[in-house]
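Below, each chain spelled out in residue letters.
Number of protein chains: 2
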Amino acid sequence: MTYCLAVKLDEGLVFCSDSRTNAGADRVSAYSKMHRFSIPGDRQLIILSAGNLATSQAVVDQLERDIQADTDFHFGNADYLSDVADYIGRLSLDQQKKFVGDDGPMAGYKPGASFIVGGQIKGSPLELYLVYPEGNHIRTSDQHPFLQIGETKYGKPILDRIIRQDTPHEVAMRCALVSMDSTMSSNATVGPPIELLFYPADSLDAAEYYQYEESDPYWMKLRASWDKKIQESFNELPSLGEFDSVD
Amino acid sequence: MTYCLAVKLDEGLVFCSDSRTNAGADRVSAYSKMHRFSIPGDRQLIILSAGNLATSQAVVDQLERDIQADTDFHFGNADYLSDVADYIGRLSLDQQKKFVGDDGPMAGYKPGASFIVGGQIKGSPLELYLVYPEGNHIRTSDQHPFLQIGETKYGKPILDRIIRQDTPHEVAMRCALVSMDSTMSSNATVGPPIELLFYPADSLDAAEYYQYEESDPYWMKLRASWDKKIQESFNELPSLGEFDSVD
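Going down the list, the sequences are from chains P and L.
Taken in order, the first sequence gives residues 1 to 247; the numbers are from my numbering.
Taken in order, the second sequence gives residues 1 to 247; the numbers are from my numbering.
Next comes chain P alone, as it looks inside the complex (with noise of 0.2 Å):
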């Protein structure tokens, strides 16, 4: 399993990744689910990846190969991000098609991979995508600034507390690493090391980058901070004894 989020925010784009992939229990590996393709002054472009790992390294590798040969549409000469987008997801599709037939050995198989895709092509904003294994996409909104692929559900509610569109970067980054850590702590397919990067906007160049393994200080200092002060929270609440039974 995978968990991958980001957050569209006027400073510009939160991007955070695990790196935990597995094929059955017996299998577990670390692979890095973030890629980042920039060409300085010009474009930024960060995919975060979730789904069947062939598909997404044949997807990054073949984004890569284009913009090498210099295709008719590559990331290097899009005008916009979203056809940079359209064009994920029908690499994704083709890949998917290799694969898949209503007969055969492999009938029924479905190796689809989603995807986040966020940057900025200079003369543009920011833009984040969801791509879908069916190939669409959707955006962010004002009300909903950040988007998560793989398995969201543990890590959403503390996004949907704290992440506004003008919440500062760090405050954003800081509550990926939480979401990360709720996501980690309830399910065992989702482990480090966990990626982070920020992209300020309108920057084309610069991004802050960071990577924790278990054992990173600040990583373990965050944890064990959270944990602790959950627990605390927790104890202060009203308690039941302040109400009524009604039976």
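Don't read these hints as lab results, they were simulated from the structure.
What you were told as hints is all true, and nothing was included just to trick you.
List of simulated lysine-lysine pairs, BS3-like, C-alpha gap at most 27 Å: (1) LYS229(L) <-> LYS229(P); (2) LYS97(P) <-> LYS110(P); (3) LYS110(P) <-> LYS98(P); (4) LYS110(P) <-> LYS110(L); (5) LYS221(L) <-> LYS229(P); (6) LYS110(L) <-> LYS97(L); (7) LYS228(L) <-> LYS228(P); (8) LYS221(P) <-> LYS229(L); (9) LYS228(L) <-> LYS221(P); (10) LYS228(P) <-> LYS221(L); (11) LYS228(L) <-> LYS229(P); (12) LYS110(L) <-> LYS98(L); (13) LYS228(P) <-> LYS229(L).
With chain P fixed as given, assemble chain L onto it according to the hints.
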């Protein structure tokens, strides 16, 4: 959708359920999903239900009828609560089979339902089971003393952090409400009134029961207080500035 949970503590059993049912977004109603069967001094049974409403209502009705008709096996004469869980599984399957077929207009229709079944029979310890739509069931373990059905993921992290077998019942009940709050905040198809019940071990009679409408003063206070404390806790976490960027 639905969210129900139950906890097996040293002190007794805690049950919590929402009341929203929906058949499409324009057909939203409130039904209790908590059912209690009591033979004071002899046995107690509490059932929480999720899934197809027709199936779960029919199961609970049949359970009641079998007690009235004093059939060969019913809750009132069962030797073990696990047999009652088995019997609920059979009743559920019987209901589902009425509508399911390999062909015809109902082909592929699965009116499945899940149940949490807990209580105590005189002379036996507390028992708590989760009955799957397939009719089989699991129980809690010492390491994992709670069970959930329906929309389970949003509310699981707080249970993982707080609930242990020796947690006092008031704390576990409050935690169940916080878990319900997280679920309702992230999923609009889980809604009030919220029902909360505590059955004290070996009482074979008494139960503390609470019901919260959306506007209930304690419920509103709990939600607001939790939201505020989470925000405060979050703001007190060590900030990202305390460690170094590697890029």
